[in-house]
Amino acid sequence: METLLISVLNGLVYGMLLFMLASGLTLIFSMMGVLNFAHASIYMLGAYLAFTISQFVGFFPALIIAPILCGLIGAAIEIWGLRRAHQNGHIAELLFTFGLVFIIQRVVQMTWGMLPMPYRVPPSLDFPLFVLYGSNFPAYRGFMLLISAAMLLSTWLLLKKTRVGLIIQAALTHPHMVSALGHNVPRVFTTVFAGGCLLAGLAGVIGGNYQTTEPGMADSMGPIVFVVVVFGGLGSLAGCFVASIVMGMIQTFAVVIDYSVADVLRPLGLAISGDTLLTEVLTVPVARIGALLPFVMMVTILFFRPRGLMGTRDT
Amino acid sequence: MRSRWLILVLVAVAIALPWGFYDWGHHRHAGFLISMLSQAGMMIILALSYNMLLGQAGLFSLCHATFFGIGGYAMVHFLNAAGKDELPLPMEVMPLLAGLSGLGLAILFGAMATKQRATAFAMITLGIGELMATAALMFHHFFGGEGGVTTDRMIDNSLFGLTYSSGIQVYYLIVAWTLIAVALMYYLTLTPLGRMANATRDNYERAQFIGYDPRMVRFIQFALSGFFAGIGGGLYAITYEIVTFDALAAPLSANALLMAYIGGTTVFGGPILGAILITLLQSGVSLLSNSWLVYVGVMFIAMVIFAPSGLAGIIQAHGPIKRAGRLGRLTLPYLRLVLPALALLLGFVGLVELMSFLTIGAAQGKKLVLFGNAIDVHATMPWVISAASLVWGAVWLRFAAAGFHRVWENLSAEVRR
Chain A
1 METLLISVLN GLVYGMLLFM LASGLTLIFS MMGVLNFAHA SIYMLGAYLA FTISQFVGFF
61 PALIIAPILC GLIGAAIEIW GLRRAHQNGH IAELLFTFGL VFIIQRVVQM TWGMLPMPYR
121 VPPSLDFPLF VLYGSNFPAY RGFMLLISAA MLLSTWLLLK KTRVGLIIQA ALTHPHMVSA
181 LGHNVPRVFT TVFAGGCLLA GLAGVIGGNY QTTEPGMADS MGPIVFVVVV FGGLGSLAGC
241 FVASIVMGMI QTFAVVIDYS VADVLRPLGL AISGDTLLTE VLTVPVARIG ALLPFVMMVT
301 ILFFRPRGLM GTRDT
Chain B
1 MRSRWLILVL VAVAIALPWG FYDWGHHRHA GFLISMLSQA GMMIILALSY NMLLGQAGLF
61 SLCHATFFGI GGYAMVHFLN AAGKDELPLP MEVMPLLAGL SGLGLAILFG AMATKQRATA
121 FAMITLGIGE LMATAALMFH HFFGGEGGVT TDRMIDNSLF GLTYSSGIQV YYLIVAWTLI
181 AVALMYYLTL TPLGRMANAT RDNYERAQFI GYDPRMVRFI QFALSGFFAG IGGGLYAITY
241 EIVTFDALAA PLSANALLMA YIGGTTVFGG PILGAILITL LQSGVSLLSN SWLVYVGVMF
301 IAMVIFAPSG LAGIIQAHGP IKRAGRLGRL TLPYLRLVLP ALALLLGFVG LVELMSFLTI
361 GAAQGKKLVL FGNAIDVHAT MPWVISAASL VWGAVWLRFA AAGFHRVWEN LSAEVRR
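Taken in order, these protein sequences are the chains called A and B.
Quick note on numbering: the first sequence equals residues 1 to 315 in my numbering.
Quick note on numbering: the second sequence equals residues 1 to 417 in my numbering.
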């Protein structure tokens, strides 16, 4: 019971972090039709920037400054890179963001070095929030939940209740009409791209000291975020939310499940022995293949429902 | 006609080059050269088979190394079986088995991935690639976990009585298979399948109207490209006698993309050019610089924005002017570009190297040495010089490029007339 509750909380924290990344990716995708491969790289950049800034002015100013810097970087990428690549077609845009992954990765390595950064949880948040069946729940995770919930709420309010959100929503589906009504659609695109990068940067700030800030963090986070977006259905924010939480739960629960397929089959009278590839697949405990599960899930859902959980379109 | 000569020259060079660097004193081949050429052979197969997707069918795949890697892993197990006399097949046909393994897996994954195209296809293949790479680290029976699987290529079963104990014999096997694979892939572009792949790339709806199922076309193209990648992976296993998860992980998929795109996806020979260039860069520049990937990355992005048809596309664009016999009039405009381009390049390389020696180099205890002089990366002067060179080169190149563009447009207009 206690592992269950703690795992649910941890899964929620990780899922919300995933959603912060995936929501930006989904927004950018549904508006511009561009999959930003460099999204996880911006996440990494956010963590590194937050580390450097927090050394000078402390964690809480960094929480504001670093995402804004990431947003500005995103705007610059959109204006000077993506727009030019757009003229060469759809694949060129994908390739462009893919190339950015390399460059950001190496630039981070050149600026901060190859070693993990000592980016720690701020002392003011470094205490157990409450004790549950003898195990602590760190206050910082509560803080992460708070930040991501606030982000979720404000994004939702911005999109649904303001004029800006109205224009963005309209530009999602009817860009030509919006442009005919006198709105600057390219600027709306830039805003959305910058906003998505801002969210990724924010996720980096609070995720950087939750995980580790090191040059490989973009490579480890990137594929998971893409899986979330595909699993939830391309272009669907609600699906993206569900998928993020599901993925967060799976990732945390997989670690504590020490059963394999063979353990399930044994009561049914099927004993598995021998040493072949098949028996290895069947006898490996779930805890060991936790990293594999997101991809297995993605392939499975694509097999049965190619457009994802709540996807509205086939691309 | 001319391209036929080019092919003959290339083949002759590929066969003769190892002997040009033969050490007659010690009766030894230059090992570095042979391993580099072997690597180039495999990479040519990988890049060309990747271009069957990106260039010919407009499919942006991110799991191409999966099929290369599975070919490699399968090859190791085939060789081990052959070593135990369980598989009585000569070495020369073994890469075909590796190719079939790649084909099998590509059929399985292709059935899933090719239901979608463009962005969704890219993401699904990304997931498939990660799935296989993660699985390779976890399952020891087939993939050997982190250590990979090893084999011994001397199976003592050859059509020509070769033992494959030395690198040069393996190299000629690679040359032969590369030629076969390249010829087959070229032939495929001439078949109705190749033409329909182009059609589904250019206009999906019209291809449907003609009566073809674009998904089927994509699926067959995907499966066949997996077949050729598998052959490449088989050659990889023969050469290195060890296959680790590097052979199917994402960096190699990215490499395939870089090679095909930088070389040029619109021309059949483009990826060959890209594969040779990147292999040279990889084995040459990576010894000198920690940050060679930055250069490749920047080159790639520059190509995406300024020259989407790649190096081969740039060369091809000169065709009409050359046929009109006016290539000479481009010499001066080109010469004008050289100086600003050099300044830009120097400034950029300078800044990148200074930065990388400040962090990565310092961690490795290396020092930046230029023309025998150690350069202090903490001093202001090198940074100022590099930055100035970069900015000055960029501004000058902009003007020079505008001038070049005018000459180019005029010439093209004249030639068209």
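Keep in mind that the hints were calculated from the coordinates and are not lab data.
It is possible that part of the hints are untrue.
Just a few of them, taken from the derived set where beta-carbon distance is under 8 Å, the chain A residues facing chain B [stated by the list, open to error]:
#1 ASP126
#2 LEU282
#3 PHE295
Sample of chain B residues with no beta-carbon within 10 Å of chain A, all distances over it, derived [stated by the list, open to error]:
#4 VAL9
#5 VAL11
#6 LEU17
#7 GLY31
#8 PHE60
#9 LEU100
#10 LEU126
#11 PHE139
#12 ASP152
#13 GLN169
#14 LEU184
#15 ARG206
#16 GLN282
#17 LEU346
#18 ARG416
A few chain B residues facing chain A, derived, Cβ under 8 Å [to be verified]:
#19 ILE128
#20 THR134
#21 SER356
For glycine and all other residues, C-beta sits at the position ideal for the given N, C-alpha and C.
Does the closest beta carbon of chain B sit nearer than 8 Å to the beta carbon of A/PHE295? With a closest approach of 4 Å, the A/PHE295 hint holds.
Are B/ILE128 and chain A close enough, Cβ to Cβ, to be under 8 Å, as the hint says? Hint holds; B/ILE128 Cβ to chain A Cβ min 7 Å, cut 8 Å.
Holds or violated: is the Cβ of B/ARG416 farther than 10 Å from all Cβ atoms of chain A? B/ARG416 is indeed farther than 10 Å from all Cβ atoms of chain A, at 23 Å.
Does the CB of B/THR134 sit less than 8 Å away from some CB of chain A? 5 Å, holds
Over 10 Å to the closest beta carbon of chain A is the bar; see if B/PHE139 clears it. Violated, because the least Cβ-Cβ distance between B/PHE139 and chain A comes to about 6 Å, which does not exceed 10 Å.
Let me know if the C-beta of A/LEU282 comes in closer than 8 Å to any C-beta of chain B, holds or violated. Violated, about 11 Å.
Quick one, is the A/ASP126 hint okay against chain B at 8 Å, beta carbons? Hint violated; A/ASP126 Cβ to chain B Cβ min 29 Å, cut 8 Å.
Taking 10 Å as the cut and beta carbons as the points, is B/LEU100 off the interface with chain A? It holds; B/LEU100 is separated from chain A by about 18 Å at its closest Cβ, greater than 10 Å.
Say whether it holds or is violated: B/GLN282 keeps its Cβ farther than 10 Å from all Cβ of chain A. 14 Å, holds
Is the Cβ of B/LEU346 more than 10 Å away from each Cβ in chain A? B/LEU346 clear of chain A: closest Cβ-Cβ about 18 Å, beyond 10 Å.
Would B/LEU184 pass as off the interface with chain A, using Cβ distances and a cut of 10 Å? 25 Å, holds
Examine each Cβ of chain A, and state whether all of them lie more than 10 Å from the Cβ of B/VAL11. 31 Å, holds
Hints 1, 2, 8, 10, 11 from the list above are not met by this structure, while the remaining hints are.
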